[in-house]
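Protein chains in written order, with the working numbering: chain A, 1 to 93; chain B, 94 to 186; chain C, 187 to 279; chain D, 280 to 372; chain E, 373 to 465; chain F, 466 to 558; chain G, 559 to 651.
For the record, the hints were derived by calculation from the structure and aren't laboratory data. This structure is a prediction, so every number in the text was calculated from the model and none was measured. Be aware that a few hints might be false.
Below are the DSS-like pairs computed for lysine-lysine, each with C-alpha atoms no more than 25 Å apart in a straight line [stated by the list, open to error]: (1) G/K561 to G/K625; (2) E/K439 to A/K74; (3) D/K357 to D/K293; (4) C/K244 to D/K328; (5) E/K446 to G/K561; (6) E/K430 to A/K74; (7) B/K142 to D/K328; (8) E/K421 to G/K607; (9) E/K375 to G/K632; (10) B/K151 to C/K189; (11) F/K514 to G/K616; (12) F/K468 to D/K346; (13) C/K235 to C/K253; (14) G/K572 to E/K450; (15) A/K14 to A/K78; (16) G/K607 to E/K446; (17) A/K49 to B/K142; (18) D/K337 to F/K468; (19) F/K479 to F/K543; (20) E/K421 to A/K49; (21) A/K67 to B/K142; (22) D/K328 to G/K607; (23) B/K107 to B/K142.
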Amino acid sequence: MLKPLGDHVVVEPKEREEKTQSGIVLPETAKEKPQEGVVVAVGSGRIEKGERIPLEVKVGDRVIFSKYAGTEVKYEGKEYIILRESDILAVIQ
Amino acid sequence: MLKPLGDHVVVEPKEREEKTQSGIVLPETAKEKPQEGVVVAVGSGRIEKGERIPLEVKVGDRVIFSKYAGTEVKYEGKEYIILRESDILAVIQ
Amino acid sequence: MLKPLGDHVVVEPKEREEKTQSGIVLPETAKEKPQEGVVVAVGSGRIEKGERIPLEVKVGDRVIFSKYAGTEVKYEGKEYIILRESDILAVIQ
Amino acid sequence: MLKPLGDHVVVEPKEREEKTQSGIVLPETAKEKPQEGVVVAVGSGRIEKGERIPLEVKVGDRVIFSKYAGTEVKYEGKEYIILRESDILAVIQ
Amino acid sequence: MLKPLGDHVVVEPKEREEKTQSGIVLPETAKEKPQEGVVVAVGSGRIEKGERIPLEVKVGDRVIFSKYAGTEVKYEGKEYIILRESDILAVIQ
Amino acid sequence: MLKPLGDHVVVEPKEREEKTQSGIVLPETAKEKPQEGVVVAVGSGRIEKGERIPLEVKVGDRVIFSKYAGTEVKYEGKEYIILRESDILAVIQ
Amino acid sequence: MLKPLGDHVVVEPKEREEKTQSGIVLPETAKEKPQEGVVVAVGSGRIEKGERIPLEVKVGDRVIFSKYAGTEVKYEGKEYIILRESDILAVIQ
Numbered sequence: 001m002l003k004p005l006g007d008h009v010v011v012e013p014k015e016r017e018e019k020t021q022s023g024i025v026l027p028e029t030a031k032e033k034p035q036e037g038v039v040v041a042v043g044s045g046r047i048e049k050g051e052r053i054p055l056e057v058k059v060g061d062r063v064i065f066s067k068y069a070g071t072e073v074k075y076e077g078k079e080y081i082i083l084r085e086s087d088i089l090a091v092i093q
Numbered sequence: 094m095l096k097p098l099g100d101h102v103v104v105e106p107k108e109r110e111e112k113t114q115s116g117i118v119l120p121e122t123a124k125e126k127p128q129e130g131v132v133v134a135v136g137s138g139r140i141e142k143g144e145r146i147p148l149e150v151k152v153g154d155r156v157i158f159s160k161y162a163g164t165e166v167k168y169e170g171k172e173y174i175i176l177r178e179s180d181i182l183a184v185i186q
Numbered sequence: 187m188l189k190p191l192g193d194h195v196v197v198e199p200k201e202r203e204e205k206t207q208s209g210i211v212l213p214e215t216a217k218e219k220p221q222e223g224v225v226v227a228v229g230s231g232r233i234e235k236g237e238r239i240p241l242e243v244k245v246g247d248r249v250i251f252s253k254y255a256g257t258e259v260k261y262e263g264k265e266y267i268i269l270r271e272s273d274i275l276a277v278i279q
Numbered sequence: 280m281l282k283p284l285g286d287h288v289v290v291e292p293k294e295r296e297e298k299t300q301s302g303i304v305l306p307e308t309a310k311e312k313p314q315e316g317v318v319v320a321v322g323s324g325r326i327e328k329g330e331r332i333p334l335e336v337k338v339g340d341r342v343i344f345s346k347y348a349g350t351e352v353k354y355e356g357k358e359y360i361i362l363r364e365s366d367i368l369a370v371i372q
Numbered sequence: 373m374l375k376p377l378g379d380h381v382v383v384e385p386k387e388r389e390e391k392t393q394s395g396i397v398l399p400e401t402a403k404e405k406p407q408e409g410v411v412v413a414v415g416s417g418r419i420e421k422g423e424r425i426p427l428e429v430k431v432g433d434r435v436i437f438s439k440y441a442g443t444e445v446k447y448e449g450k451e452y453i454i455l456r457e458s459d460i461l462a463v464i465q
Numbered sequence: 466m467l468k469p470l471g472d473h474v475v476v477e478p479k480e481r482e483e484k485t486q487s488g489i490v491l492p493e494t495a496k497e498k499p500q501e502g503v504v505v506a507v508g509s510g511r512i513e514k515g516e517r518i519p520l521e522v523k524v525g526d527r528v529i530f531s532k533y534a535g536t537e538v539k540y541e542g543k544e545y546i547i548l549r550e551s552d553i554l555a556v557i558q
Numbered sequence: 559m560l561k562p563l564g565d566h567v568v569v570e571p572k573e574r575e576e577k578t579q580s581g582i583v584l585p586e587t588a589k590e591k592p593q594e595g596v597v598v599a600v601g602s603g604r605i606e607k608g609e610r611i612p613l614e615v616k617v618g619d620r621v622i623f624s625k626y627a628g629t630e631v632k633y634e635g636k637e638y639i640i641l642r643e644s645d646i647l648a649v650i651q
C-alpha cells in the first residue's frame, strides 16, 4: 500500500478520454486543464503551529485536479498520481 | 455536483460577447482583462491559525474575475471555471 | 453597482491628459508611471489573524496609483479600474 | 497636498548633479545607485498584527534612497518621488 | 555514519531498473518522475516556534521521492541521497 | 553623518587589492566573492512583533560581506557602502 | 579569527579529490554535488520570535554541504567557506 506523507494524496486517475463518464471534458483552450480521479489514500495532514491539520478529502472521493500537478507512480501494475491536497480543485458529489 | 475545496469557487461564466448584458466589456488595452460569471458553488473556506475562514462570495453572486484565472471544466454538458476567491475582483450588485 | 472584494478598490480614472487638472503629469522617465482617479467603491477589507482590517481610503478620495496596476472594467458605459489598496500610493488632499 | 498611504513617503528629490551639495555623488560602478532628497510627507504606517507601526523617518529628513525605487509624480508644478520607507537607506544628519 | 541535519533524511536508493521489485516503474510521460529507496538515517527535525518537530518517516521505511530531489553522496563505497522529508511523497507499506 | 535606517549598516570598504592587509583575498572561482570593511554606523534595528531587534555588529567591527551587496554612496569625499546586516557574513576578530 | 554572524558557519573545506579520505566522492550525475569540510567557527544563531536559536553543528564537526553554497574567503593564508547552517546536509559521525 502507498501511504502518502503530510498533505499528500494518492489518486487513481480516470482514463483520459475526450469525454469522461462524469461528463468532464478537457477543453481545447489555453486555460489550465483539469483531470479526474478517485482518492485511494490520504496523508495524515501537515503540521501547522504544532497541530496536525487533517485533510478535507477522503478515500473514495471523486476529485478534479490540475492535469500538470503531482507525480505519476506505477505500483503493483496500476498507475497512480501522488499530489498535494492543495492541487485538488473540487470533489464531484 | 461540483463541491470546490478550500477557498475555491465554481463559476458559470457569461458567454464572452464583445458587450455583456450587464455592460461589462472587455477593453482592448494591455491591462489585465476581466470576465463575468455567476457563482454556482463555494468551498468551505481555507484554514488559517486553526480556524476556517468562510468565503465572502455566495452562490448566485454575479462576479468579475480575471480572464486568465482558474481552470475550465465541462461537467454534465456545461462549462464552468473553478477559481480561488482571491481571483475574484468584485461582485455586481 | 460594483462591490469590490477584500482589499480591492474601484477607481474612476481621470482622463489621461498630458497634464491633469490637479497638476499630476506623467513623466517621460524610466520610473514607474502614476495615474490619478477617484475612489467610487471600497471592499470590506482583508482578514488577518481573524480580524477584518478596514481600508484606509474611502469613497470620494482622489488617489494616485501605478499606471500598470489593476484591472480595467467597463460597467454601464463607464470605465473603472479595480485595484488593491496596496497599489494606491497617495491621496491628494 | 499629497498624503501617502501606509508606509509610503513623499520625497522631494535633490537635483541630480554629478556632485550634490552634501557631497553624495553617484558612482559609475555596477552597484545600485543612490539618490538624495528631503521627506515632505509620511504615511501613517503599515498595520502589523493589528497595530500601526509609525515610520522612522519624519518630514524634513534628508534621506538617501535607491535611484530606481519609487514612483515619480509631478504635483502643482514640482516633482516628487513616492517610495516605501523600506527603500530609504539612511538619513543624513 | 551520516547524521542528517534538521529535516533532512538519508536514503539508500533502489537500483534504477525499468521495473523495480515493488512494482514502481518510471513512466515515460512529461510528469515528475519518482524514485524509490530505503531510509537509513533521519534528522532530529526542524525547529518551528521554538519546538523541534520530529520527522514522520523512520529508519527502514521504503519511500518514494522525486527523482530530481536531493543530493547524491557516496560514503564508504555506497551511494546515498540526502533529501528533505518534504521531498518524500509516500511510504510503501 | 549618515544614520542608517532599520537593519542597515554603513561600512567603509577596504581598498580592493588582490591581497588585503588581513589576508582576505578574492578567489577566482565561480563562488560569490567577499569584500572587507569597517562598520562606521548602524541602524537601530528592524521591528519584529512590535519589538526592535538591535544589530549584532557594532561601530568599529571589521566585517566581511558579499561584494555584490548594498549601495555605494560618496559622502564628504569618502566612499561608503550601505548594506543590510543580513548581507554581512562574519566579523574579523 | 573569523566570527560568523547569525546562523552562518565557517568551514575549512576538504581538498577536492575525486575520492576523499572519508569516502565521499563527487558523482558525475546531474544531481546537486556535495562537498565535505570541517566546521571551524559557528555564529550565535538567528533570532526567531525574540529568542536566539543556537546552531545544531559545532566546531570540529565534519560536514557535507552543497558545492555551490556559501562564500569563499582566504584568511591568513587558508581558504574557508562561510555558509548558512541550512546549507549543511549532514554531519559525518
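So, going through the hints one by one against the coordinates:
Restraint check for G/K561 and G/K625: the C-alpha separation of about 22 Å stays at or below 25 Å, so the hint holds. Restraint check for E/K439 and A/K74: satisfied, since their Cα atoms lie roughly 14 Å apart, inside the 25 Å limit. Under the criterion of a C-alpha separation no larger than 25 Å, the hint pairing D/K357 with D/K293 is consistent with the structure, at around 12 Å. Note on C/K244 and D/K328: the hinted pairing holds, with a Cα-Cα distance of about 22 Å set against a maximum of 25 Å.
The suggested pairing of E/K446 with G/K561 is violated, with an alpha-carbon distance near 31 Å, which exceeds 25 Å. A C-alpha spacing of about 23 Å is found between E/K430 and A/K74, which places the hinted pair at or below 25 Å, so the restraint holds. Our distance criterion of 25 Å between C-alpha atoms is met by B/K142 and D/K328, whose separation comes to about 13 Å. Taken as a hint, the E/K421 and G/K607 pair is honoured in the structure, with Cα atoms around 7 Å apart against an allowance of 25 Å.
With a CA separation close to 29 Å, the supplied pair E/K375 and G/K632 exceeds the 25 Å bound. Between the alpha carbons of B/K151 and C/K189 the distance comes to roughly 13 Å, so the proposed pair stays at or under 25 Å and holds. For a cut-off of 25 Å, the pair hint linking F/K514 to G/K616 is broken: about 30 Å separates their Cα positions. For a cut-off of 25 Å, the pair hint linking F/K468 to D/K346 stands: about 18 Å separates their Cα positions.
Between C/K235 and C/K253 the alpha-carbon distance is near 31 Å, which puts this suggested pair outside the 25 Å criterion. Of the supplied pair hints, the one linking G/K572 and E/K450 holds, its CA atoms being roughly 20 Å apart against a limit of 25 Å. Annotation: proposed proximity of A/K14 to A/K78 holds, straight-line Cα distance about 12 Å (limit 25 Å). Between G/K607 and E/K446 the alpha-carbon distance is near 38 Å, which puts this suggested pair outside the 25 Å criterion.
A hinted pair counts as satisfied when its Cα atoms are at most 25 Å apart, and A/K49 with B/K142 qualifies at roughly 7 Å. Proposed proximity of D/K337 and F/K468 is supported: the alpha carbons are some 13 Å apart, at most 25 Å. Pair hint F/K479 plus F/K543 holds up; C-alpha atoms about 12 Å apart against a cutoff of 25 Å. Using a Cα cut-off of 25 Å, the hinted pair E/K421 and A/K49 holds, with the two alpha carbons roughly 7 Å apart.
Between A/K67 and B/K142, the direct Cα distance comes to roughly 30 Å. Violation of the 25 Å bound is thereby established for this hinted pair. Taking the CA atoms of D/K328 and G/K607, the gap is near 14 Å; set against the 25 Å cutoff, the hint holds. Proposed proximity of B/K107 and B/K142 is contradicted: the alpha carbons are some 36 Å apart, above 25 Å.
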